[in-house]
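J.: The chain contents come next:
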Amino acid sequence: MTKIKAIIIEDEELGRELIKNYLKDNDEIEIIAECENGFEGIKTIQDLKPDLVFLDIQMPKLNGFELLEILDEKPEIIFTTAYNQYAIQAFELNAVDYLLKPFSKERLIEALTKALNRIKSHQPPGKNMNKLSQQPLDKILERVVVKSNHKIHVIPVEKIRYLEAQDDYVMIYTFEGKHLKQATMKYFEQHLDPGDFMRVHRSYIIRLDQVVQLEPYGKDNYVAKLKDGPAVRISKSGFKNLKEKLNF
Amino acid sequence: MLNPIFKNKQFLIAFVLIWVVICILHTFILIYFYNFGLATSISESLVFNTLFAALGIGIWYPVYFTDIEKNKVVNFLTNHLAAASLAVGLWLWISYMVLTTAFSDNAEYIESLDSSLPWRVGLGFLFYVLIGSNYYLLIYYQNFKDKLLREAELKALVKESELTSLKFQINPHFLFNSLNSISSLSMVSPEKTQDMVTNLSDFLRYSLSHKDETMTTFEKELRNIDRYLTIEKIRFGKRLNVEKDIGGNCIAYYLPGLILQPLMENAVKYGIYESIEQSNIFITAKCSDNLLEVTIKNEYDPNFVSKKGEGIGLRNVTSRMKIQYGRDDLIKISRNKNSFMITLLFPQNI
Numbered sequence: 162m163t164k165i166k167a168i169i170i171e172d173e174e175l176g177r178e179l180i181k182n183y184l185k186d187n188d189e190i191e192i193i194a195e196c197e198n199g200f201e202g203i204k205t206i207q208d209l210k211p212d213l214v215f216l217d218i219q220m221p222k223l224n225g226f227e228l229l230e231i232l233d234e235k236p237e238i239i240f241t242t243a244y245n246q247y248a249i250q251a252f253e254l255n256a257v258d259y260l261l262k263p264f265s266k267e268r269l270i271e272a273l274t275k276a277l278n279r280i281k282s283h284q285p286p287g288k289n290m291n292k293l294s295q296q297p298l299d300k301i302l303e304r305v306v307v308k309s310n311h312k313i314h315v316i317p318v319e320k321i322r323y324l325e326a327q328d329d330y331v332m333i334y335t336f337e338g339k340h341l342k343q344a345t346m347k348y349f350e351q352h353l354d355p356g357d358f359m360r361v362h363r364s365y366i367i368r369l370d371q372v373v374q375l376e377p378y379g380k381d382n383y384v385a386k387l388k389d390g391p392a393v394r395i396s397k398s399g400f401k402n403l404k405e406k407l408n409f
Numbered sequence: 299m300l301n302p303i304f305k306n307k308q309f310l311i312a313f314v315l316i317w318v319v320i321c322i323l324h325t326f327i328l329i330y331f332y333n334f335g336l337a338t339s340i341s342e343s344l345v346f347n348t349l350f351a352a353l354g355i356g357i358w359y360p361v362y363f364t365d366i367e368k369n370k371v372v373n374f375l376t377n378h379l380a381a382a383s384l385a386v387g388l389w390l391w392i393s394y395m396v397l398t399t400a401f402s403d404n405a406e407y408i409e410s411l412d413s414s415l416p417w418r419v420g421l422g423f424l425f426y427v428l429i430g431s432n433y434y435l436l437i438y439y440q441n442f443k444d445k446l447l448r449e450a451e452l453k454a455l456v457k458e459s460e461l462t463s464l465k466f467q468i469n470p471h472f473l474f475n476s477l478n479s480i481s482s483l484s485m486v487s488p489e490k491t492q493d494m495v496t497n498l499s500d501f502l503r504y505s506l507s508h509k510d511e512t513m514t515t516f517e518k519e520l521r522n523i524d525r526y527l528t529i530e531k532i533r534f535g536k537r538l539n540v541e542k543d544i545g546g547n548c549i550a551y552y553l554p555g556l557i558l559q560p561l562m563e564n565a566v567k568y569g570i571y572e573s574i575e576q577s578n579i580f581i582t583a584k585c586s587d588n589l590l591e592v593t594i595k596n597e598y599d600p601n602f603v604s605k606k607g608e609g610i611g612l613r614n615v616t617s618r619m620k621i622q623y624g625r626d627d628l629i630k631i632s633r634n635k636n637s638f639m640i641t642l643l644f645p646q647n648i
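Listed in order, the protein sequences are those of chains A and B. Numbering-wise, my numbering puts 296 at position 135 of the first sequence, and it's gapless, one number per residue. Numbering-wise, my numbering puts 359 at position 61 of the second sequence, and it's gapless, one number per residue.
Because the hints were derived from the structure by calculation, they are not lab data. We put the beta carbon where it would ideally sit given N, CA and C, even for glycine. It is possible that some hints are incorrect.
[Stated by the list, open to error] Restricting the straight-line Cα-Cα distance to at most 30 Å, the calculated cross-link-like pairs of lysine-lysine (DSSO-like) are:
no.	chain 1	residue 1	chain 2	residue 2
1	B	LYS305	B	LYS445
2	B	LYS635	A	LYS320
3	A	LYS204	B	LYS531
4	A	LYS404	A	LYS300
5	A	LYS339	A	LYS388
6	A	LYS300	B	LYS595
7	A	LYS300	B	LYS465
[As the list claims (entries may be wrong)] Sample of chain A residues facing chain B (criterion: CB under 10 Å; computed from the structure):
no.	residue
8	GLY176
9	ILE180
10	TYR183
11	PHE200
12	GLU201
13	GLN219
14	MET220
15	PRO221
16	LYS222
Make a model of the complete structure from these sequences and hints.
T.: Below is the structure:
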């Protein structure tokens with residue numbers, strides 16, 4: 162019987178040591194790599210294609226959920242964290258298990274058994290991950306992760322100027338450039354700070370402090386001129402809300 | 299309900315003294331202006347004045363039961379008019395009975411008593427008004443004092459509860475992560491486990507015991523921060539680097555207990571949790587005659603850490619400083635491109 166291949170993604174050395182120690186005499190699993198942060202984790206998953214990942218949630222630069230968000234092929238996931246508030250989100254992502262630190266060896270083996278059953282029955286892992294993974298850790302989004310040409314960009318929300326709907330994608334215009342992300346406008350509307358951003362049109366969300374001028378456009382339409390050039394269309398109700406918010 | 303004169307010894311003495319003075323005056327007026335004999339003068343003065351003094355104690359009751367605010371003006375006046383008529387009537391009836399009986403052989407005196415009746419009626423009502431007003435004054439003075447006392451109590455209570463709600467609370471995630479490290483250490487390097495457990499216990503003990511004590515020395519605070527940083531150092535290894543520069547005798551200065559802890563946790567959260575490489579935290583302290591100045595600075599990566607979230611920790615520290623010292627100019631915050639710096643000023647001898 163071949164051992165299943167697993168990696169540990171965890172920023173604390175002692176956290177990694179704990180899992181390795183718990184599993185060192187287990188002959189069903191082999192730890193093939195350890196990663197100290199999310200970026201390293203993504204690269205390792207893509208290179209080594211493990212069956213199972215022990216994934217911490219709070220990590221520098223790229224947290225566990227953000228990491229999953231940009232993975233195309235997802236292995237089975239066992240979350241390990243000190244935070245209990247992300248459990249629902251984790252199970253919505255079809256995670257195998259959610260281990261609260263500190264956890265016992267028995268609890269880890271229990272999670273491992275569940276993972277082994279899944280892997281052996283060849284269930285495709287994380288069927289509905291894509292749809293549901295899009296939940297920021299906190300109610301208000303602080304950064305957005307996008308992937309383009311195998312490069313990962315982490316965009317702090319402060320750098321976003323406006324968003325434009327493009328079919329199943331959203332184009333994110335920042336002060337430095339633009340990035341395409343698979344997401345819905347509704348997701349951004351719900352998770353961007355309403356003090357800073359506003360949905361002004363079916364296809365546009367804008368950063369409020371970027372608006373320079375509002376102008377009528379055609380019969381029932383308006384456009385908002387933004388700093389340094391670009392203009393976006395505004396709906397009738399969007400115009401009303403915007404005028405109220407900005408005291409124009 | 300009890301007459302305040304009997305509740306307070308000083309009031310009783312004052313009341314008696316005033317009537318003694320009135321008695322003496324009364325006696326002198328009779329002797330010098332009306333040429334009455336000494337015995338007659340003293341007798342009249344004593345009879346009239348002791349009797350009114352006794353009645354005066356009773357005037358407390360109509361005053362007590364006729365609250366100015368709860369009664370209409372008409373009711374108030376009728377109540378007091380009735381009470382005053384009764385008191386004055388009783389006073390004069392008894393006094394005249396006693397004096398006419400005592401001096402029945404002194405026709406001249408009896409006549410002067412009769413002719414002075416209208417004046418005495420007037421004097422009786424005047425006494426009633428004066429005593430009544432004084433009782434009202436006493437009631438108001440007492441209410442006013444009670445109110446001040448209640449307000450002061452309330453203020454102290456509000457301050458206390460505000461401070462309690464702002465007190466540093468142990469972060470459960472820090473605790474669980476530390477316990478996870480201990481769990482791991484016990485297998486990886488058992489010899490280090492004991493240090494970690496001791497450090498964590500001391501940190502918890504200090505944090506829990508400081509709930510009801512407000513001020514403490516900078517030395518104790520620093521020692522607790524060291525424990526905290528030692529624990530985090532075990533978790534984060536070389537990622538966490540701390541540089542300290544504490545001026546000469548600053549450690550003897552005083553500051554509110556655990557006020558620096560939330561700031562240290564912020565520095566670690568935004569500086570170290572979000573960093574892959576080594577990140578530095580600087581703690582500096584300077585002190586002069588009556589001021590301790592502590593600065594905590596951490597580096598952070600602006601591309602990954604939102605500038606918005608300094609969160610509840612910082613807000614609580616700001617409010618605590620304001621309540622503790624009654625000033626809001628004791629905190630300075632400065633943000634650089636990739637560092638965050640907060641300075642707290644602690645006035646001494648307050």
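J.: I'd like to know which numbered hints this structure contradicts. Please list them from smallest to largest.
T.: none
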